[in-house]
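Use these hints to put chain B onto chain A, whose structure you have.
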Amino acid sequence: MSEFSKRRITAGAGVNRRVFLAAGSAAVGLGITGFPAVLRAESQSVKIGLIHPVTGAISFSGTQCRAGAQLAIADINAAGGIKSLGGAKIEGVLGDSQGKPEIGASEVDKMVEQGVAGIVAGYSSAISLATSQEAAKSNTPHVVDVGVSDEIIKRGLKNTFRLAPGYGTVSGIAVDNLDKINKAAGSIAKTAVVVHEDSLFGTGTAKLLSAQLPKIGIELVDVIKHPTPTRDFTNIVLQIKAKNPDLIIPANYYNEYVLFARTLRQQQVKAKGIYSVLGGAASNYKFVHDFPEAAEGIMDCNHWFNPKSDLALQRKKAAEAKGLIYTYEVFLTYNAVALLADAIDRAGSTDKDKVIEALAASTWDKHGMPYGPTKFVNGQNEGAAPANTQVLGGEIEVIYPKEFASADAVFPMKS
Amino acid sequence: MPDSAILIPSILNGLTMGALYALIALGLTLIYGVLHIINFAHGALLMVGLYAAYFLNARFGIDPYVALLIVPPLMFALGYALQRGIIGRASHGRDENILLATLGLAIVIENLALYFFRSDTRTIDVPYAFETVSVLGAFIPLPKVVAFFGALVTAAFLWLFMSRTATGRAIRAISKERKGAELVGIDTEHIYGLSFGLGIACLGVAACLLLPTYYVTPQVGEGFILIAFTIVVLGGMGSFIGALLGGLIIGVVEAVSGLYLGESLGQIGIFVIFILVLLFRPTGLLGHKV
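Protein chains in written order, with the numbering used here: chain A, 582 to 996; chain B, 37 to 326.
Bear in mind the hints are in silico, worked out from the structure with no lab data behind them.
A portion of the hints provided could be inaccurate.
Said to hold, decoys possible - Here are some of the chain A residues that sit facing chain B, going by a computed Cβ distance under 10 Å:
no., residue
1, S640
2, K664
3, P808
4, R846
5, F872
6, E874
The beta carbon of each residue, even a glycine, is placed where N, CA and C say it ideally should be.
Isolated chain A, as found in the complex:
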């Protein structure tokens, strides 16, 4: 054995002993300092994709959605994060669909690559259709926040869930409640005009109303569609004026609703009632604040929180303290994120199959909505229902369902 080799072995033996001791100390050290590292690994943040139209023609609504989602994430994280994952914090991964379905879909792909545990999207029906379908390709759990088209749920995608009602349910309940309101007033409304935006939401809603209104004895004298954005509503209002309907039923987005309501006043159109279906603006504090006179008496059948729920009122107060206008986009997206977080918590994992399974079995009831605990059938929460609101004395009051009502309906509206 060469001198070099001997020294190497000897030294090796000595070093080995020292290494052993050092390694042992290090192991103990790691046991102390490394344990939190293991904990940190366990409590790595859980990414949730949030895709909303924060630029483009419907960006007001998209921004409201994003704000609602961020409020939910802040609340969940402040309450200890995802407890079954060692208190893992939720991290919102933000995406902008720009109001376009194809961009929404490409945002899904980016988010899947970033390893999101689920996606909440996409405000409009057309975008929600695209995002949920794209997410289905990678089996990514997808909760629809606002999109009301029934097509979103009817496709049988296993990954897609919606807490809020679709427009089939909303228009059905809207017509039922309108019938009650009309009969209570002596059936004074006999004709109506529907004014709707021309994408999936407005067109679908108008189609359902066209089929249902004649059943309650209301003749539909015209259905007028318009694009988003529409710069001027005078033509539409002139047509309405010529038809002189008892009821005007708008189904469109906020900016168009504002212009439409203004033009109705400018052209001095008098109707017995303005009864919106998912119209938004009449269930919108901003509209009521900005146009108190134009808003007075307008009714809406829309997503609305339970005004008798302390949880809902606390959230409203917290949102308003942050300077937010508490529109339905805020609380629906808040709930969509909270629902997904609850499912991840119950799944105890970010495994997509497990989260989807947990969502499907969800009995979540922390929504502050006029719903019971969630019960999903093919991804749709069966207990979800809209509420009827009316602007009375500058306040948004709930007039139906009766168990949540804060006021009685005033019909015909005062002109």
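Chain B only, in chain A's frame:
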């Protein structure tokens, strides 16, 4: 088929909307038609004017019509600074660079507005918002009547400015022969700045006249930009009277085709007229052959 009784009110409304479109197109025709700058930031700058008028009203209670004394001069200064500081420098005299510079500006301005103002829809409440003037049995909102005459006055002012003042003559000289203008001692960079500023000041006027009946969001300009370009080409590039006429025609065509084809399909009427004019009169209605 709509009631024929609403045809006249619809045409009158089309004229008032057309005047508003013309107001927006007036600035563009100066910038695009005379200086050959394709200003993609035109819509974004209209939005800046609308926010300026909005905040003057919301914070200081200044009526948008009083703000006509404040917003257009501010917009002129902004336009001058943008041309001298960014567009002129970034372009190095090349058209494609100008195009990119103005497109970039539009994106930056819109995103700054989104950052600072969020995408909230903002409106103002003025006491005359719902006042109407009865013309031939139609109710025309007072703010639209004001906008109509505002557009006429602005077009006349611009025409006088361009034909009667030394600066106007210098602008026209540059548009025809830049090198020649430089040789006779015209400060072309200054004139470019002035022209751009003047075009943007027109947007300031449009913003003040539009706000009483409209809303403002960071994307509000997008709804007007395509129509403004159409009007400029339709009226004849560089012609103020052409822009006014083009605006009124587009307004009426939009109103009437919307009435008979439906609002969604009615927009087609605008482009049908546009294509027809270009087919039979490629220089636009009042444009001159170069």
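Honestly, which of those hints from before does the structure not fit? Checked against the structure, the only hint that fails is number 2, while the rest are satisfied.
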